[in-house]
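Trainee: Here is what each chain is made of, one letter per residue.
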Amino acid sequence: MGCEAYMKHIVLALLAALACGCVRVHQIDRETLSKQIMQFEPMGNRQAFLNDFHSIREGASGGVGQSAGGGCGCN
Amino acid sequence: MAAIRRFLFTLSLALCLARSAYAKTNMELIVNSVYQSGNGGKQAFDGTGDQALTLYEPVLYINSQLDHNTSVFGSAVFDTFTSASGKAFDSDTGASEAAGRGGLNLIRGWQTRAGFDAGVSKRYGGWQLTPTAGYSSELSYKSVHGGLNAQRFFAEDNFVASAGFFHYADEAKPWDVAAAKFTGFKPKTTNSLNASVTQILNAREIVLAGISYTRQGGFLEGTRNTVSTGTLTERANEVLPQRRDKFSANARYVRGLREDLAFHLDYRYYADSWEIRAHTLEPSLAASFSDEKGLLRVHYRRYSQTAAEYYRAGSYAGIQPVMTSDSDLDKFTADEGGLQLSYAPEGGEGDLAEWTWGGSAVYYKRSNDLKAVILQFSVAAKF
Chain W
63 MGCEAYMKHI VLALLAALAC GCVRVHQIDR ETLSKQIMQF EPMGNRQAFL
113 NDFHSIREGA SGGVGQSAGG GCGCN
Chain C
311 MAAIRRFLFT LSLALCLARS AYAKTNMELI VNSVYQSGNG GKQAFDGTGD
361 QALTLYEPVL YINSQLDHNT SVFGSAVFDT FTSASGKAFD SDTGASEAAG
411 RGGLNLIRGW QTRAGFDAGV SKRYGGWQLT PTAGYSSELS YKSVHGGLNA
461 QRFFAEDNFV ASAGFFHYAD EAKPWDVAAA KFTGFKPKTT NSLNASVTQI
511 LNAREIVLAG ISYTRQGGFL EGTRNTVSTG TLTERANEVL PQRRDKFSAN
561 ARYVRGLRED LAFHLDYRYY ADSWEIRAHT LEPSLAASFS DEKGLLRVHY
611 RRYSQTAAEY YRAGSYAGIQ PVMTSDSDLD KFTADEGGLQ LSYAPEGGEG
661 DLAEWTWGGS AVYYKRSNDL KAVILQFSVA AKF
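From first to last, the protein sequence lines are chains W and C.
Quick note, the first sequence lines up with residues 63 to 137 if you use the working numbering.
Quick note, the second sequence lines up with residues 311 to 693 if you use the working numbering.
Among the hints, erroneous ones may be present.
[Said to hold, decoys possible] Here are some, though not all, of the chain C residues that point toward chain W, as calculated from beta-carbon distances under 10 Å:
#1 Ile-340
#2 Phe-492
#3 Tyr-580
#4 Leu-591
#5 Ala-596
#6 Ser-600
#7 Arg-611
#8 Tyr-613
#9 Gly-628
#10 Ile-629
#11 Leu-639
#12 Ala-644
#13 Ser-652
Just so you know, the hints here were simulated from the structure itself, not pulled from any lab data.
For clarity, every value in this text was computed on a predicted model and none was experimentally measured.
No residue lacks a Cβ here, since even glycine has one placed at the ideal position from N, Cα and C.
In isolation and in its complexed conformation, chain W is listed as follows:
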């Protein structure tokens, strides 16, 4: 499957996910959503280092959630 085909599937999946999301959740109903376990990166800064490690050791560095700069024993 080519790059364009992958992108088409991703975009369609995202649009489908967002289309489902028209329900408005009021602040008072967000008790569960505000918990640390619901955060995209519940361990915060420790996960940032793992992202840096991946960006150094893998070809797919840079971009969303990835360090675009260098350093750190990357030779």
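Keeping the supplied structure of chain W fixed, place chain C upon it in accordance with the hints.
Mentor: Here is chain C on its own, set in the frame of chain W:
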């Protein structure tokens, strides 16, 4: 080190001056360590393939909420690490152990890297702006970088759109294999644009979708990456194109299964102009315990990539216009699993801060003979 001391002093001063009755400050010290091994490094300087690397990296994070709409944050880092291609460095030249045999003053030492990052985040009505800047320096690499991220909140924050631009003005100092010495610093620039949207689906589900485009130019080779040009002893520096365009798209989904348990699923697709295509899938579980004083995260990560079109594991027949044997650009899959834990014990009366302790253990294994154990220890204080 002087730069870090100046940064910490300036940040402390700014925090003191800006401190008000509202101010809340979080400080976190994380000590990261990496123990990497493997013999699949075809780029290794000495032809052994040895990619052993040990890294210790203490990082100090500070975040202070100055008022309802404004926070300042920063981090300072000091890495110390061995070579990934020769186990030992010449402490003056950064050359690997094998290169030291030519009469260089070989000392079994460690390289270091120091850096800092800082930023401000301010909310104006439905907008939030976050400018950031940073600097890092090591023997063969320097980075000056900055960026701006803007967020727009809609529908009582149910829908958030975010866009950012980041610029890296880096410099790399390659080791010239033929001359057995460093050349001067060469420029490497990176410009990155990203955008994402976050949508609350219901009281227990949230989803994020993002895309990014990154353009790199200048010296994109590894500072010590080499290729074989005949026998194992005949090696030359790798040569890569001076431009690389990268595109990525990712999606993140979180669902609360119970009040104390959530399921996370992350996916990322990546494509670049060097013909690398990559997929990353990472399911994880996050659980709280002891009245939310403790937090546990268990994750598995599967990564796969195709090889860069310029990659070759074997020897090149003489110097080519483009050539690399960097195992990071090879075709491979990687599996990773890990456990992360944090716990905030109940504080006593009169305590100056709320403390949180944490630890992580992660195992990473690549199909082209590279593996690593990553250990993390953290302590955080909230004032």
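Trainee: Now tell me, hint by hint, if it's right for this structure.
Mentor: Against the structure, the hints come out as follows:
no.: 1; hint: Ile-340; in the structure: holds (6 Å)
no.: 2; hint: Phe-492; in the structure: violated (13 Å)
no.: 3; hint: Tyr-580; in the structure: holds (4 Å)
no.: 4; hint: Leu-591; in the structure: violated (13 Å)
no.: 5; hint: Ala-596; in the structure: holds (4 Å)
no.: 6; hint: Ser-600; in the structure: violated (13 Å)
no.: 7; hint: Arg-611; in the structure: holds (8 Å)
no.: 8; hint: Tyr-613; in the structure: holds (6 Å)
no.: 9; hint: Gly-628; in the structure: violated (24 Å)
no.: 10; hint: Ile-629; in the structure: violated (20 Å)
no.: 11; hint: Leu-639; in the structure: holds (5 Å)
no.: 12; hint: Ala-644; in the structure: holds (7 Å)
no.: 13; hint: Ser-652; in the structure: holds (7 Å)
The structure is inconsistent with the numbered hints 2, 4, 6, 9, 10, although it conforms to all the rest.
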